[in-house]
Structure formats: C-alpha cells, structure tokens
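Student: Listed in order, the protein sequences are those of chains A, B, C and D. Residue numbers for the first sequence follow UniProt numbering, so the first one is 1 and each next one is one higher. Residue numbers for the second sequence follow UniProt numbering, so the first one is 1 and each next one is one higher. Residue numbers for the third sequence follow UniProt numbering, so the first one is 1 and each next one is one higher. Residue numbers for the fourth sequence follow UniProt numbering, so the first one is 1 and each next one is one higher.
Everything labelled a hint here was simulated from the structure, so no lab data went into it. Hints may contain errors.
All copies of an identical chain are treated as equivalent in the list; a pair is satisfied when it fits inside any one copy or across any two copies.
As the list claims (entries may be wrong) - Result set (DSS-like, lysine-lysine): computed pairs, CA atoms no more than 25 Å apart in a straight line:
hint : residue 1 : residue 2
1    : K383      : K105
2    : K253      : K350
3    : K350      : K281
4    : K110      : K80
5    : K253      : K383
If you're wondering where the values come from, they're calculated on a predicted model, not measured in any experiment.
4 protein chains.
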Amino acid sequence: MAIESFGASGAAKRLRLGMVGGGQGAFIGAVHRMAARLDDKFMLVAGALSADAERARASGAELGLDPERTYDSWTDMLEKEAARKDGIDVVSIVTPNHLHYDIAKAFLQKGIHVICDKPMTVTLEESLDLVRTADASGAVFVLTQNNTGYPLVRQARKMVADGTLGDLQVIRTSYVQDWLTTALDAEGQKQAAWRTDPAQAGAGGSIGDIGVHAFNLAAFISGLELEEVCADMRSYVPGRQLDDNANVLLRYKGGATGTLWTSQVAPGNYNRLSIGIYGTKGGLEWVGEDNDNLYYTPFGEPTRCITRGGPGAMDVANAATRMPPRHPEGYIEGFGNVYSNAAEVIWATKEARDPDPMATDVPTVRDGAKGLAFIEACVRSAKDGANWQKVAAVD
Amino acid sequence: MAIESFGASGAAKRLRLGMVGGGQGAFIGAVHRMAARLDDKFMLVAGALSADAERARASGAELGLDPERTYDSWTDMLEKEAARKDGIDVVSIVTPNHLHYDIAKAFLQKGIHVICDKPMTVTLEESLDLVRTADASGAVFVLTQNNTGYPLVRQARKMVADGTLGDLQVIRTSYVQDWLTTALDAEGQKQAAWRTDPAQAGAGGSIGDIGVHAFNLAAFISGLELEEVCADMRSYVPGRQLDDNANVLLRYKGGATGTLWTSQVAPGNYNRLSIGIYGTKGGLEWVGEDNDNLYYTPFGEPTRCITRGGPGAMDVANAATRMPPRHPEGYIEGFGNVYSNAAEVIWATKEARDPDPMATDVPTVRDGAKGLAFIEACVRSAKDGANWQKVAAVD
Amino acid sequence: MAIESFGASGAAKRLRLGMVGGGQGAFIGAVHRMAARLDDKFMLVAGALSADAERARASGAELGLDPERTYDSWTDMLEKEAARKDGIDVVSIVTPNHLHYDIAKAFLQKGIHVICDKPMTVTLEESLDLVRTADASGAVFVLTQNNTGYPLVRQARKMVADGTLGDLQVIRTSYVQDWLTTALDAEGQKQAAWRTDPAQAGAGGSIGDIGVHAFNLAAFISGLELEEVCADMRSYVPGRQLDDNANVLLRYKGGATGTLWTSQVAPGNYNRLSIGIYGTKGGLEWVGEDNDNLYYTPFGEPTRCITRGGPGAMDVANAATRMPPRHPEGYIEGFGNVYSNAAEVIWATKEARDPDPMATDVPTVRDGAKGLAFIEACVRSAKDGANWQKVAAVD
Amino acid sequence: MAIESFGASGAAKRLRLGMVGGGQGAFIGAVHRMAARLDDKFMLVAGALSADAERARASGAELGLDPERTYDSWTDMLEKEAARKDGIDVVSIVTPNHLHYDIAKAFLQKGIHVICDKPMTVTLEESLDLVRTADASGAVFVLTQNNTGYPLVRQARKMVADGTLGDLQVIRTSYVQDWLTTALDAEGQKQAAWRTDPAQAGAGGSIGDIGVHAFNLAAFISGLELEEVCADMRSYVPGRQLDDNANVLLRYKGGATGTLWTSQVAPGNYNRLSIGIYGTKGGLEWVGEDNDNLYYTPFGEPTRCITRGGPGAMDVANAATRMPPRHPEGYIEGFGNVYSNAAEVIWATKEARDPDPMATDVPTVRDGAKGLAFIEACVRSAKDGANWQKVAAVD
C-alpha cells in the first residue's frame, strides 16, 4: 500500500484552494471538496460558490470559509485572490458546463492553476482555445475525468502500454443510467433540467454528460486516437431537446474498432460504466461498479481477477491505493487520486522539477479538448442520419 | 416444475428420427442427439451421418443404428426411408451450412418433417425459397435456434408481450468468443476451417456463425422487426476471408434502436451471449452463461433476480423447466426444449389439433429466413463502408 | 471436449435398466431417467414404479414400457427379471430412503448391479450390512451422490490429490434451501411430508436430506476422513420432528478443521451448495449454482476462474464435459456423468478388465456408508447438547 | 442523497482532534485521519503519534501539526491539551490493542471524548472497567467498529428491527483473510508480529483481530444477545502463539443459532466479511467486498438487490450516503460515517440536546465490552476442547 505517498507528505504543504460553483443544492462541488480533503493536500480557503450572492454567502458560512474570502462572483474572487499574498494557488471550477470556459480562461491568464470538471467546455472551439490559453499561461490545468483515477484503470493503461494485450483490435465501452427514463427535466428537477438544456449543457445530452466518460476511459486505457464515429442518437422522452441514448460505432487510428453505448433511459442501470479491451494476446474487462477488480485473460489461459492492493496489482495501481485488498475503495477515492496527482503536478511546477512519475497520468487540457472533439463528431454524425464522421484532431 | 409435461407423455409415442451429418468428428450432431434423447420423445433410427461412406458406417455402428438404416448418402436415406412403412417421421440436418438448403428442401417435399441447424441456408434467396417449400409441403420445419429454448428467455419474451416493460426503446445484444484469436483456420483445425470458408459457411463469418444468435435472441424476446443495420465488420486475423468481429447498429420498426456486437477474437470470452432490453416501464437483462437467472427492474424499484423454477417464474418458463431452482440447467436442456416442442408441434400436426400453447414459440422457417436477411444486410452494409442498409422483409 | 467418450461408444452396447420407484408424482425418478438417457448407455426396459399397483401400471404405460415388464412390486420384478435371458443388467432404486436397504440388498444378492439414490439407508447398521452384501455379491453398487459428477468438482479433487493446495487446513461447506421455511409438511405436501418423517427419512432431516451432500462433497474433494463432529441442530418450524437447520463443526484426520451448515429455512436460498478448501499453498472455491466455474488461488497470486471446457481445465474434467466452455452444463449433466461412469464400471466388471481411469471416481457403497456415519454422528451429537462425537469408521 | 447532512453542516464548527498512535509505519491511524477529514467535522490539531519520540515528531511534521502540539507521549499530550483553552475536544486512540485501556481511561477521566479503535481492550475486565469509567465521566466514547458505518448494514439493522424478516432463526457470519498463511510474523513483518503476540493483541489472534468484526456485525444487524459459543480454534502456522483460524457455533438469546468462521490462512480471501440473516419471513445477505448492495428475499418472492442510494434504500441508509447509486463507496466512507456520527453525538452532548436520530447507531463502550466478552468466551471454549461456554453479559 501507498498510504504514505498520499496522506503523509501532503499536509505539511497544503495548497490553497478556491472554488467556483458548488454551493448549496449543487452536487459535484461537494464531491470535489471530499476528493480534495481525502489526502490532505489542499485547504479550501476561498469560494464564489453560487451565482446567487445570498446563496454564495450562506454556502461559505456553512463550509466554515472566512466571510472575507466568500465572494459574490468569480470575477471578484479572481481579482481579490490574485492580489493577496496568501491568495489561492488553484481554483476548482464546478459550475454548469457552459461557464467552464470563461472562468478557466480567466484564472489561467492570471497564472492560477485550474482544476475543472468535465466536459471541459460546451464547444470544441472553446476547448481548442483553452488548450492555447493553458499552453501560454504556464499554469497547470487538470480536468477531473475522475475514472482515470481508479487504481485498476491505471493498471489497465499500463498493461496495454507494456504490450501485455498485444495489438489492440476491439474495444467495447458504455456508460448507462436510467434516471431520465421519465420526463424529470420537464418536471423541473434541477439536475435534470440543466443537463438536458442545450444552452447550459452544450450540444450533447447523454453523450456529453456520460458518454464522454466512456470515450475517455477507452482513450485513457488504450492510448489510441479515435478517428471516426457513426452515432445513432435519440431523445426518447417526448419534448426532450438533447439525446438520452446514443449507439456509436468507433474506428481508431491503427485499425481497432469498437462500440460505445450511452443511455439515460435504461431501467436498472444507475451508473454503469464498463469497458472491454481485446488484443492479439489477451483481454481486459473492467466495470466501474466493481472498480476494485480487473479481469485479465492472457489468451489461452484462465481469466485472472486482479484485485486492488492484492497479488498482481502493479506499482502504478498501488501508488493510487489507500486500503488493503477487498476493503472497498470507490468513486471518492478515485476522484481523490486525481486531486492528489494534481497537487503533485502543481508542486512540481512550483519547484521546477519533474513530478513523481506515478502522477503524470492526470488528465490535461488536451484530454478535455479530445472529449469535446468526440462529442462534436457524434452530434454531427447523428444530425446527418448517423453516418461516419471524422473526429477532429487535437494537437 | 413441469417434468411431467416433458418426460412422461413422450416416451409412449416416440417419433422416429433420422439424422443427416453428425458423424465422428462432428460437434453439433451429438448435441442434437442429446437434446432429442433428453425428454424421450424421439428414437434415432436412421442416419446418413457423413459424406464419407466409411465414416458414415462406422458412426452408425457406434451409435447402435441398424446397419440397414445406416446410409452412405442423404439421398439414399431419403428414398429408402420414404418408402418404408416404419420410415422416419422427422430428419435432423446437422451438416455444414451450405448443405442445409438442398437437404431440407428434398425432405420437406417428401412430407418428412425437418429439424434444421442454423443458419438455415447460406443465402437469403435459398431461405426465401425454403419458406415457400415448407408452406407448400405441410410438413413441420423447426430451426434449432436453441437459445429460444431457455426457460427465462421465454419468460422475457412473455413479459415484453405482456407490456411489462412498456414501449421498448433500447436493445443491446452480443455474442462473443475468442477461439479464432489466432489463425486456427489456417492451421487446418476442422471446425475453424469450414466456419471461415465462404463456400461452406456463406458470406458471414462471426456474423453468420454467432451474431445471428444475438440477432435472433433480440427478435425473439422483443417481438420487433429489424428495419435497418449499419455494420462495421473486420477480419482481424491476416488471411481470414470472413469477418471475425462485427460492430452493428440496429434500428427496429417502431423506433427502438440498439447495438449488436459479435466477435471471435475477444480473449476471455468463450461463448458470451448477452442481452439487455429496456422500455418505458422497465428493463430486463440476461446472459447465456448464467441462463438460470433473469434480472428484471421495474423502473424505480430494486432489481429482482428471477431464477428458473423459483418465485416469479411464469408458466411459460415453468413449462420448459425440469429441475428445482438453482439445480442448474443449461445448453442441452434449452436445446432439448426446442426438440420437445418440435415433437409436440409434429404430433399436433399429425393429430390435426392445435399444439399445446406452451410449445408454439418454436423457431420456424420464417425465423430462419429472417436470420439470413439479417446476415445479408450486415454483409451488404459492411461492403459499402458500413452504411445503413435495409433488412429484407420476410412475409 | 470429450463428447465421443460419453455419447458415442455407449449406444451400441446399452445396458438394460430397471427402476424401482419413480412413478407419477415422484421427483428424483425422472432425474435418474434423464441422466441415464443423456449419454445413451442405458435402455429403460422394466419398472416397479410405484407401491400403488395402478399407479405403477399407468406410469409404465406413460414411459412406453412393455406392459409385461411393468411390475406391481419390486419383488415381482426381481424374480421375473432375474429369470429372463434378456433380464435387466442393473436396477435404479429411487424410492423413499427407508426402502433402499431391502431392495438394494435383494438385487445385489441376485447379482444385479445397483444404482441407488442417497442417503443410502436410514441407519448406519443397514449401510454397513450393505457394504458386506455388496462385497460378497460381486455386483457393482453405485450411489448417486450426483455432485461428484460435476466436471470441476472432479478437477478440484484431482488438484487436491496432486498437492496443488499443499496440506489442507480449513474446509467450509454448506447446502442451504428455504422451501421448508413454512410448515409445508404439516400441510400435506408430499415431498415435504416424507422428508420430515423419521419413519421414511431416517433420523436426520436437513442433515440427511442435503447436509450429507455437503459432507460428501468435502470428503470427495479433500480425500480426508472425518473424525469428529459437533452438531447443533434445530427444528425451527413448530411441530416438525426432524431438524431443519444444522450448524456443524468438523475435525478431520490429520488436523484439518471446518464448518458445515445446512438449512431448509434460509429464505432466498433454493439449492445453494458451496465449498471452500484451503491449504498451505492455495485455495479452491466452488458453488453448485455456478457449477461451470472453479475459483483457484495459488497463495500470493491472483485468483483464476477455471471454466469447464476452457483453459486450465484438466483431463479429469474434460472427460466429463459435453459442451464447449460457457455453454452451460448443469445438474442433469453431472448426474449423467455418474450414470455414464456407472455403465463403464459395469461393463468393465462384465469384461473382467479395469475401468477407464476417468470413471473410477464413481461413488461406492462405502461412500454411502460414510454418509450414514456422518448423519448418525451428527444426530448423536445434537441429542447430547451438541458435544463432540466420533464419526464411525467405515472400512 | 444526504451529502448536505454530512459535509455541509460540519465544517463551520469542526471539532479539535488529537491522536495517540498512528505515526509513520502505522496503518490504521491514516485510515482514521481520512475518515475524520472526509466530512470535514474534525481538525487534527495535536498528536502523540508514536512511543518513539523522534518518530512522533517526524510524523507530526509530516502531517503539518504545530510542533508545540506534537507530543512525545500521550500523558504529556493529555496534560497539556487539558490545560489549553483551545485544547482538543476529542482524542482518537489508534495504538496497538494493549494500550487502549490506559489511554482511554485517562482521557475519559479528564472529560475528553474518546474515539477508540477495536478491540477495545485486551481483557474483558478492562472493558468492563472502561464501561464504568465512561458512564462516570459524562464524556462520549465511540468505538470504531467501522462496519456499522456501511449504509446498507444500517438498513439491514433497520429492516430487522422493523420485523421485515419476522423472527430471526439462523445467522451465518464470517471474516476471512489469507495474509498469515505463511509465517510472516516469524519473519518480523510489523503488522503480523504485533497481531500474533498475546502481549500486544490479547488472548485472541484471528478471533480478536477480525472475528470480532463478524460477531459485531451480526450483533448490530440482528439486535440479538449472544448467549453461548462453541469455538474450535487452531494456530496452523507452526510456532504461532495465537489462533489463525476459528470455527465457532453461536447460540443467541431467544433461540436463533449460527456459525461464525474467521481465518487468516484461507488463500484467495483478502478481507472477506460476510453475513446472512434468516427469519420466518425473509432473508438478508451482505458481503463487505460488495458493500453497496444488499440482497433481500421476502420468503416466496424473488431476491431484490437493493443498491446504496437507489430504489428501496431507506432513510437510515440514505443519511449515510454521499454518492449516487453505483458510484461505489467503500471502507473509508463507512469509517467516515462513524466519525461523522461521533461528531454529531459529541455536539449534541455539548449542546445538551438529543443527537440526530440517524446518528444514534454509533458503537459505544458497551459494544466494545461485548466484543471482549465474545473473544473471551471463544478463547475459554477453545481451551476447553471446544465446548459450549456462556458469553458474559454486559449491562
């Protein structure tokens, strides 16, 4: 186990963290805060927690923030914190999707490191501009594609990179929910409403909300570039503007092919993220619900169940492991790994050294742009009757 | 349990069965024989078990067949048996795919009932001709799409027909193997060789060998007609002529959409047949490896595990059940259900009565033609760069 | 796969089989008949199917038996069949437990081979007498402890015998049901009534009906002799005379210890038979509901899932395998393996040769006596407040 | 979801926490710190982190503690902190077992609340004395029997209390590992060494280290008092002084019976904690490795899978839930629930009000004493050849 590398060394040099969004009634903000606290490498010291000033203040008070550093707007926070000697090192952006771009750009331009929720922006154009902005800024930009934080997802990536599976041929990936089976959005449920509103969520519904996780998981593990998609998308619930189901064919550079399925109308599935990756020498299967186990089959041999922290777990997984095998870890721990690695990358940047190699897999601004390129290609394909469309390259 | 309805009533009036193919070294013939024996409704009395006369005779001897009824060719068997007073009632055709058509047609035309392995023929044209032949003959034609024999597959079909899932929206189906990951066919392994040879297997490789099972399973449970497919197919193993992986998008009449994945190059999968069917009111999931359990989620309620023979199992499943719950049944039992139902349909035809309603789900010549229409549309789509293609209707 | 070794060689020299018990309304008789038919090594030619003469005849007619060989009593059948030139080779005894002894003894004494359901007798004394009778008769006696027929149970036994697990230390075994949670027996349900009646079932309730399967499974796989038990037994349903739950501690010769749990009042369990065997070098786990998979952990390495017919399956398992991996086999197939092995042992006896070594694991009269010794020791322990009691040795 | 009730309200009034033990090289201390941070209701402000003064200081520095509040000994910390105006509210005791008693007693007597790891003490006498001490002190004492923090364990307890299962009859519980299969302790591995040393661990080896978790889980869910045990214990590894495997029969007040199995020599098991509870109306099964799912069978109906945060999850579970269903939570989250509830109980005590009813299930000093009573009875039974022994009552 690698508790030491996470918990121990961090506390003494905690990063000062600000947060935009994530006030009362929000969901993902609290997740970011737990993830940030888990390994004690961050201190939340400032927040612009809501666009509603009153809610922003109440939220700050509840979190124990200094009222002086509880801001009514992110622009105010940016200005004041940038001016303080003990100003924030890093900002977490956890607003609805359509606000990510402006906020991230502004903080980067002031040299403040950014941790941003996904999808990174609502258009590919914005994403590409953010790539340039981040490159120019010298600040660190981390996208919380949190599934890359699961220890055995990292091991899967390493095994593929090591050639353990041989040449990759086939990929099957999916992310499936059921909570939008009924017209929850039309009934005004807040989470449903903004996620199905093109103005706030972007052009993708399920494909942008969760399908992009499946895309990203496949990209992360396989290391392959997606070249073309054929996406058949539907809004099954009458009146819904964005897709709630997408069936997608995938073609990767080098010849691998695959399928991606995402749905928010598949009863019995709550958050089922799943992947199978198959090559000439072996196969790997992993399911998010069962994140602590990775099923590996060397072709012609029995399937092995590699469990987090147990026999067969590799260094890259152990470095992201806090508990002994079969004491389950989960979503917050994986999210926490992204935060801990972000801290390490930021410290390394400050100290002008290379980060610990175990922390270099943290998702970057380019990964975010690739996610938007995927969403954009799917939407383009679906609009054209589900024909093959190229996925824009991100350099 | 319904042991009585299977085992008991059959033996006293066993049908006389002949077999074409299935001699020494074959695989599926032995499965048909076990399936036929299981409920004691058939007696194997004649065979043309191999195209090789010597092997045909040795095979007959080993099976304890009367040497007089061990034939060197199926044409000989047809002629002689049709002429006998105690001639065969029904013939099982278990040859490689490309021979099914001629043999089935000839036996039907003599009024001998036919039980035929899948895929029914190697071309859609042949299949459509066989539909006309069967209609004209008055003989019964049963296709051993054996997965329709699993008790809980039958229950799934009934639940859908009863409206338990509401309107169907999304279907995910797959059949995945790994045995062709290497170039077994090029090395002369018999099963691999004929299944990857267009002359014997038809235009579809994995799509015709196993993908058609996934198609058929979805059709059987959903009751929906497939309208269009978009099929991206590959032969990953160098030199292989037929597809060994197919990623397919599905569009059904009425608006449901889905994905179908079939592969013979996915290490760690031996015979993984799987389906998920989702409607406005609920979802069903079933996996062939775990055939005795059906997972049912009424939307908004916990998932139920319905186990064969246990609480929640319906009449249509119980009628196809021999064992108490969690004494596992499997492939042979499901196959046996198709045989037992075939016997019932043949008896009913002989006796000019309606068959037991529990036996009317037996796959017909039209189901076989639909399978070919599916394969043909996929091959057409794949050849055209994986664009959308209509699936021919079978009336 | 080893289809040939089962299906092929049998039919040409089928054994003539008689059956005692198993008429209309019975359960296990039909299972024996399916098991006997599966590999085509037996022909059912005679029966004394019920103690009720009318039911015996109706049952025979339904099974297509020659009316002349449909007997009103087993004594009649024994006399007549022993006198026929084409008389039965072997008799299957599938009556309630208390009748096994007299019938088996009588047939053995006439030199007719016996296949007998479990538990072998209702007292240990009877069992020990049957051991002597069988030894003296020269006839083959096979006990249908059917779980020994599962291919991967046989592999587990082989792995232990090969020393793969090192020295065995700990065994956990259980067989659990729920069908007697309510007072089904008091309501006159036939299966419940005789199984909870000491006069018909013997001194053990759940321990004799199903607990003995768990004992036997552990004995078969481990190869260890049970020395002592401490059994805490209860009849939870008011008015029930025999135990419906038993918690048992086990001590084996050589120092291994274990637990055995059997229950018929554990809601949610239908037929859950399960075992874990742990030694100094590794562990094995197997569950009857999932009979096609064996979980093997070499200490310090990831757990392997060995699937029937797949990579890692050994000869002893493959010899008992009919289907490719993940085309599920189950209870009837395992039962069929016991029948097929019985045929082989009988043939070998007739031909005065050694049986195929793959068929020598068939449960014998001594295994039956050991089952009774186990039941008897548990009952003795439970009566004495659940103290440690020696298990009688069977030589 | 109930994120608000955990994360939000806490931070503004964080409790000041000190820690005894848990310095560099320790395991459970880091777990306590993560659990304490997760919901932001505690600030670690002081520590006596090691008996080795140098290590204590290095550990404090690494954790970012004020050097002034980094103590060389717990006695020093107690004295100084008790004297400070801003002294600690609560102390976490995470030393080896044999030190718990003295430390807990001393802090309680100064009116400082105590959170103590399990087992509470090394003798039953000490535990009973601690009960009296805690009662007299007015301070809160919380034992981190962390499995009681799993949301669905709490739901199971509620379902039993509500009578959902009817009268309880049968309990099966186990906690199984494999890490002591070899003589790790003799090789000087620190964790293995102290856990198998009677002077540090107490009279129980596996029974005290992990078996007590299985006992406690059964007690928590069932609400039943254990009356008698019969424990057959072994030290399989030569030279080991304490048990590494224990097979235990259980008798509860009111008539329920059960089995408890604990092992540290069962290869393939890392931390397998499991329970089945069966009553006259239904059964519940839960496994720690799969903590987010609870399997509930109303007798005669299909088994339901109740998933954390999903349909069928009750208030008591939802109050302890941070994530939507199937975004896995785990060990740290369950541990965090115990910490969060401890905070609530301490706040309520300070504020002289009743705690939130959702927080009243937190394990108390009496639960700790019952754990010792269980261990002590098992050890007594094992020494006496595994006979039945009464479990001391804790009033």
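Student: Kindly indicate which numbered hints from before are broken by the structure, ordering the numbers from low to high.
Tutor: As far as the earlier hints go, 1, 2, 3 are violated by this structure, in ascending order.
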